[in-house]
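**Q** Read off the chains here:
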Amino acid sequence: MEKPLIQIKNLKKKIKGKWIIKGISFDLYPGEVFGFLGPNGAGKTTTIRMMVGLTSITEGEVLIEGYSIAKNYEKAIAKVGGIVENPDMYKFLTGYKNLELYARMSPGVSKKRIDEVVKIVELEHAIHQKVSTYSLGMRQRLGLAQALLHQPSVLILDEPTNGLDPAGIHDLRNYLRRLAKEEQMAILVSSHLLSEMEMMCDRIGIIQNGELIRVETVRDLIEKDEQAKQVLFEVEPIHVAQQVIEQHFPQKRVERVEKGVIISLSRSEIPAVSALLVSNQVQLFGIQRKSKSLEEKFLEITHQ
Amino acid sequence: MGLLMKLIHNENVKTFSRIGTWIMVAFLFGTVLMHAIFGYDSYKQSPNWKAELVKQNQEDLKALQDPKVPEEEKANKSERLMINQYRVEKDIAPTGVQFFALDYKMGGESLTVIFILIVAAMSVSSEFSMGTIKLLMIRPVNRMKILLAKYLSVIVTAIFFVLLSIGLYLLMGGIAFGFEGFTTPYLTILKGKVVEVNFISHLFQNVGLSCVQMVMLVTFAFMISTVFRNSSLAIGLSLLGYFMGSIISFQIYAAGYEWMKYSLFINTDLSIYLDDRVSMIEGLTLGTSLTVLVIHFLVFMIASFVTFQKRDIAI
Ligand SMILES: Nc1ncnc2c1ncn2[C@@H]1O[C@H](COP(=O)(O)OP(=O)(O)O)[C@@H](O)[C@H]1O
Ligand SMILES: [Mg+2]
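Going down the list, the sequences are from chains P and V.
1 is the number of the first residue of the first sequence in our numbering; add one for each residue after it.
1001 is the number of the first residue of the second sequence in our numbering; add one for each residue after it.
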């Protein structure tokens, strides 16, 4: 396996005598987008603050390309681009002036590079306007632009989908996937909303009450999901469909609804049922697996 | 440009992009203008100055011999008399621009100090209140360097405001009372004798000495704002120090608290040591005053830098 770009080892944070983060460990590899998911107050931002050196680490360590963020801060942070909590920038300056400020703080960021990142996040039209005139979505893009300026190998984005409309989320997903694949970056994205993460991330870590309770690839999360689910077959004629299914699957209960029939099936049973319907001249218009979305699954996991 | 220079440049960009800074500049302009307009009659010199001074000198002489006039007033009058006699004798006309520009201390200076203290107090705390501290700190730059750049930028801004203020006084004074006063010698008393000095260098010596107090106050406001992340507290305390510091300190000293002579505000006015004079307070010399200032400066700086380095940024 490749060498991880980030290693988090048994990270803990105690604030005012209370353990907020209780020992989190995970690694991030080049080319992957890692979703850091948890309900509000789970400890995502607190973990991220420690990862980028904004707050001290009570116990454990964070290594970025092998450099400890606590002991070798400048070397470690030079590889990181990030947004923590909100992309707060100087509102009385234009987007471009903001980027210039950050460009001066990292070695070797040219004017050309500023223009490049502005283009990547598609802010060309507004970059010379004051940030005070930006929507939250535009500020998120500007936040992403400053994170990319110095061509880091690691991106750490705290709730970057906040304030984005569906089109904005779609764009963000595309940039992040592209950056991960083309630049071989390791990207950590935190969120309390699963729905967006499902298509953005390769792996997901679920954090709750300061503990990482599960780390899995998105595919595993979905595919492990072999329990029976309600499946809606949009069919016509409905009564024929019901008859055929009840004949072949006598143990199943078939429910008739306006558009078709609903049966409780596991994922692997679906092809057999649809083949059966088609071979009996039932017109099949659609199949909806009332699959538990990642969202429901997430709720199930975190509310246990 | 070295990294530190770039960081200072960044801070200057922030300060001078704020509308508030330019409102301050406008205020300063307005104040100097008002000072020139409403003070016009008192600074304006009459072409008959010689006859008038001769008359005033006679009155001053009389007052000096009058036992009812208090000693302090006599000291002032005797200095004035010496200078004015010298004027008449050597035919050196008084010039309005000189009196006007030196009165910077009574008009523009307080405003300049207030503005500078606001800038110093906002420097760190506004990054926290705007939330920008997070993106400022996640850079490959040592925290110490960021704070040092902030401090130095405040000092640069202070120099800008002082020079602007003096420049406005000279410009408006010149326009109102004539620019020839720039080159007329300034008369002052040195070791009991009237001497002619270059006016511009005398002005800058004066301003330079008053900057000592300003730097101390700026450093104090900067520390309060860094330690408590509260700009109102920093502005309030440092302005209190500016307006009341020396009065309060002197009163505490006069009430019998001997150690107060080592307090900050008793030692900020170094002009008392000019021309071989001595402090009114026993045991204070230029050396002790400078030591007191350096110690305060170091304490303020160490407090700022240590808290800034250690602080958890959790906003
Ligand atoms: N400075 C602080 N002082 C006290 N409690 C804090 C502080 N920062 C965070 N917490 C607590 O830590 C927990 C995690 O917060 P946070 O990391 O912001 O969660 P998330 O980003 O996942 O929503 C919350 O319960 C919050 O109340
Ligand atoms: Mg958060």
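Rather than coming from a laboratory, the hints here were simulated on the basis of the structure.
Computed from a predicted model, the values in this text were never measured in an experiment.
Take the hints with a grain of salt, since some may be wrong.
Stated by the list, open to error - DSS-like, lysine-lysine: derived pairs with alpha carbons at most 30 Å apart: (1) V:K1074 x P:K91; (2) P:K79 x V:K1193; (3) P:K111 x P:K97; (4) V:K1310 x P:K75; (5) P:K18 x P:K3; (6) P:K16 x V:K1006; (7) P:K111 x V:K1006; (8) P:K14 x V:K1090; (9) P:K97 x V:K1145; (10) V:K1074 x V:K1062; (11) P:K91 x V:K1090; (12) V:K1145 x P:K12; (13) P:K71 x V:K1006; (14) V:K1006 x P:K22; (15) V:K1050 x V:K1006; (16) V:K1006 x P:K112.
As the list claims (entries may be wrong) - Over 12 Å on every C-beta distance to chain V, these chain P residues come out as not near it, computed from the model: (17) P30; (18) M199; (19) V278.
Claimed, not checked - Example chain V residues on the side facing chain P (calculated, C-beta under 7 Å, incomplete): (20) T1015; (21) S1017; (22) K1050; (23) L1053; (24) G1096; (25) R1139; (26) K1145.
Where is the CB? At the ideal position from N, CA and C, for every residue including glycine.
**Q** Decide, hint by hint, whether the structure agrees.
**A** Against the structure, the hints:
1. V:K1074 x P:K91: violated (59 Å)
2. P:K79 x V:K1193: violated (69 Å)
3. P:K111 x P:K97: holds (11 Å)
4. V:K1310 x P:K75: Cα-Cα ~19 Å, so holds.
5. P:K18 x P:K3: Violated - the C-alpha atoms of K3 (chain P) and K18 (chain P) are around 34 Å apart, more than 30 Å.
6. P:K16 x V:K1006: violated (37 Å)
7. P:K111 x V:K1006: Within the cut-off at roughly 15 Å; holds.
8. P:K14 x V:K1090: violated (79 Å)
9. P:K97 x V:K1145: Holds. K97 (chain P) to K1145 (chain V) sits at ~21 Å (cutoff 30 Å).
10. V:K1074 x V:K1062: OK: K1074 (chain V) and K1062 (chain V) at ~11 Å, within 30 Å.
11. P:K91 x V:K1090: Outside the cut-off at roughly 61 Å; violated.
12. V:K1145 x P:K12: holds (28 Å)
13. P:K71 x V:K1006: Answer holds: K71 (chain P) to K1006 (chain V) is near 25 Å, not above 30 Å.
14. V:K1006 x P:K22: violated (40 Å)
15. V:K1050 x V:K1006: Roughly 57 Å separates the two Cα atoms, so the pair is violated.
16. V:K1006 x P:K112: Satisfied, since the Cα-Cα distance of roughly 18 Å is no more than 30 Å.
17. P30: holds (20 Å)
18. M199: holds (28 Å)
19. V278: Consistent with the label, V278 (chain P) stays out of reach of chain V, its closest Cβ about 57 Å off (over 12 Å).
20. T1015: The hint is violated - T1015 (chain V) has no Cβ within 7 Å of chain P, the shortest such distance being about 11 Å.
21. S1017: holds (6 Å)
22. K1050: Result: violated, 56 Å to nearest chain P Cβ.
23. L1053: Result: violated, 54 Å to nearest chain P Cβ.
24. G1096: violated (41 Å)
25. R1139: Check passed: Cβ of R1139 (chain V) comes within 4 Å of chain P, closer than 7 Å.
26. K1145: violated (10 Å)
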